[in-house]
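Trainee: Heads up: the sequence lines are chains C and E, in that order. Everything in the first sequence is counted per this note's numbering, starting at 588 for the first residue and increasing by one. Everything in the second sequence is counted per this note's numbering, starting at 461 for the first residue and increasing by one.
Calculated from the structure, these hints are not laboratory results. A couple of the hints might just be wrong.
A short list of chain E residues far from chain C (calculated; beta carbon distances all over 10 Å) [what the hints assert, rightly or not]:
hint, residue
1, PHE494
2, THR499
3, ALA532
4, PHE603
5, SER604
Quick partial rundown of chain E residues pointing at chain C, CB under 8 Å, derived from the structure [unchecked claim]:
hint, residue
6, LEU468
7, ALA470
8, PHE471
9, ASP472
10, GLU474
11, ILE496
12, PRO497
13, PRO500
14, VAL506
15, VAL608
16, GLY609
Remember, it's a predicted structure, so these values are computed and weren't measured experimentally. Even glycine gets a Cβ: it sits at the ideal position worked out from N, Cα and C.
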Amino acid sequence: MNPATRADRPTSAHEAALVAFGVDGHRLLLLQREVVSLESVLDLRRTGIDPPAAGLIEWAGEDWPVYCPSGAMLAMTATIPPQRRFCLLLGDDRHRLAILCDQVEMLGAADWRTRPVPACMAKPDGLIEALIAHRETVDCLTNTARLAAFCRRAARVESRDG
Amino acid sequence: MAEASAWLLAFDPELRAAVGEREMVHMVQFPVLFEIPDTPSHCRRVLLWQGEIVPVLDVAAWLRGGRAGAAAYPLVGIFAYQAAPETIAYGALPLESAPLRRRVSDEQACALPEQPAAWARIAHACFRDGERKVPVLNLRYLFSDALVG
């Protein structure tokens, strides 16, 4: 074996500003450019929702589905815990959705060196795009497309389980 | 008669396995673990070791079809394996106690234990240690994407 080469060496670097958001002790990072707006949970509309969405929020004249991940598994819930104070509106070219969260932190631009999720943990279409080792901690990088897929999966589970 | 050294690993009071002597590179007591959401139930956490992000795979939980516990692991072993030609990767396994060194000869070779049946997927050999059958882990397979899903 050649110790000079390691399988999980940094593969890319994001010199972009990131946003961290927290849900029940989980901390997820995404690119700041995917954040459309930050709203209050008090602005949610709870009528006419399509489970597993927890509500709708109006932005620029359109309704955006709002999801409320919860607990260790980040399972979608329609019951909004009191610590969910923020509604993070996210969008890319193909998806738009809003996520309820407990904390939001702007991390600013830095040389974020990302590493792939280890093969034994990486689900196809999984929530986490990459890991970031930073200041003796490990953060999880996601994106709008993966969050949208994660919410769709929750919808399928809910539909299957009745 | 060929002989080799191995580390005998205890995953819980019943489950034992072994790896080659050079495959175990370090042990960490009460490691700081980081939970990664939306990951397999037997492999939900990572640790930082010498700047590497190392997955922690609970072999006992996987063999028994259960979830890795939420409690802290008192001890993990860190193992090196060849993920691809000229590429070393690292993985961690929770251990119940410190590994024991064994000299193993060809004469000790035996069939895998019948239970749990899933040993056949993650072990590529087996030897007898006293009355006990000890599967030899295929670390490259164990830490690949083969057990995901």
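Trainee: Taking the hints in turn, state whether each one holds.
Mentor: Each hint tested on the structure:
no.	hint	result
1	PHE494	4 Å, violated
2	THR499	4 Å, violated
3	ALA532	15 Å, holds
4	PHE603	5 Å, violated
5	SER604	5 Å, violated
6	LEU468	22 Å, violated
7	ALA470	21 Å, violated
8	PHE471	16 Å, violated
9	ASP472	20 Å, violated
10	GLU474	23 Å, violated
11	ILE496	6 Å, holds
12	PRO497	5 Å, holds
13	PRO500	6 Å, holds
14	VAL506	6 Å, holds
15	VAL608	6 Å, holds
16	GLY609	7 Å, holds
Checked against the numbered hints above, the structure breaks hints 1, 2, 4, 5, 6, 7, 8, 9 and 10 and satisfies the rest.
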